[in-house]
Amino acid sequence: MKRLILVVLALAVLGTASVALAQGLGPLSSSGVGVGGAAVDPCDTDGFTIAYTTSAGAVTDVTIGGIAEPGCAGGGLSVTLTDASGTAIGSGGPVAVPSMADPGSVVVPIAGAPYAGDVAGFRAVIVGP
Amino acid sequence: MTRAIVIVVVVALLAAGASIAYASTLGPVTAQHLTRYAAASTVPTSSCNAADDYDTWIDATNPTTKHGGTATLRVNAQRPSYALLFFTPCAPANAAIVGATLGLYLGTSPNKQRTHEVHDITSGWSNATTWSTQPSYSATVAASALTGADGSTTTWDLTADVQAIVDGGTNDGWEIQDNGSGNGNALYDSLEGATQLPNLSITYYP
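Quick note, the sequences are listed as chains Z and A, same order. Here the working numbering is used: the first residue of the first sequence is 89, the next is one more, and so on. Here the working numbering is used: the first residue of the second sequence is 118, the next is one more, and so on.
The shape of chain Z in the complex, shown without the other chains:
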């Protein structure tokens, strides 16, 4: 019985030490994951351009341009179209950013068939590389 208590006690100490060690590591700031809503270590720092392709008045594709290369090659590009109130009305991606000349552009198919006249803005996100 005494041995069993010792074993349990040892495992508990080991577990606590592991949690304490993990907490001591802090956030993974060096990985480039966003903190507090700001982009950390972005692959492109001067923004993107956008061009629209429509069919019957609905946006079917957007072309995101001004993508920095080779920094963004290998990342996944996603786009959200928003209306005047900022509400998402269509989205697409992720689409892999290929290796291309700098600056590059990528076509992203848009789901949701938003009416072109409702589009008031866009959000583009590249995760990685």
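Hints in this document: simulated from the structure, not taken from any laboratory.
Partner residues aside, some chain A positions facing chain Z, computed with beta carbon under 8 Å:
#, residue
1, LEU151
2, THR152
3, ARG153
4, TYR154
5, ALA156
6, SER158
7, THR159
8, VAL160
9, ASN211
10, ALA212
11, ALA213
12, VAL215
13, PRO323
Partial list, computed: chain A residues near chain Z (C-beta under 8 Å):
#, residue
14, HIS150
15, ALA155
16, ALA157
Glycine included, each C-beta is placed from N, C-alpha and C at the ideal position.
Chain A: place on chain Z using the hints.
Quick look at chain A alone, frame taken from chain Z:
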């Protein structure tokens, strides 16, 4: 007591070994960028405008006379005269029409301001059509506008009509009538006119 310590150490080492073995299966933590950008942006519209394909006017007082080759289109209530125009909209099929405006140059205005209505023509016609052979038309007013002075352009908003046409609806053109009574002779430039051709201006999303 020594035996117990040995057991604890062995258990601890086994646990640590298991943890390391599990961690090694997770793979390396790779560095990853996150790039975000947001901006205001609207989809630009396209626009086009074109003259009509053919036109004429029909005259109740001369029911068999053809006016298809004249330089003006007469609209009059007292001596019933209607202008007939056929346009092929320049917007592509299934486009989303943002605006469509019919414009006619009013070379000679009526002696007082009149209201001119546009009606959809509902059967075929040509520029050889006369009052006696005139096409049928919808009683519904598609658009109406007040006439201006000599040298002004009268415009009608035909957005809904043009949307229906590019969506595949029937297009037999439009007829312009004076909705009042009394004399008031309006002369618009026709396709053969000298100043400004009849024009259908369209703004759309392809």
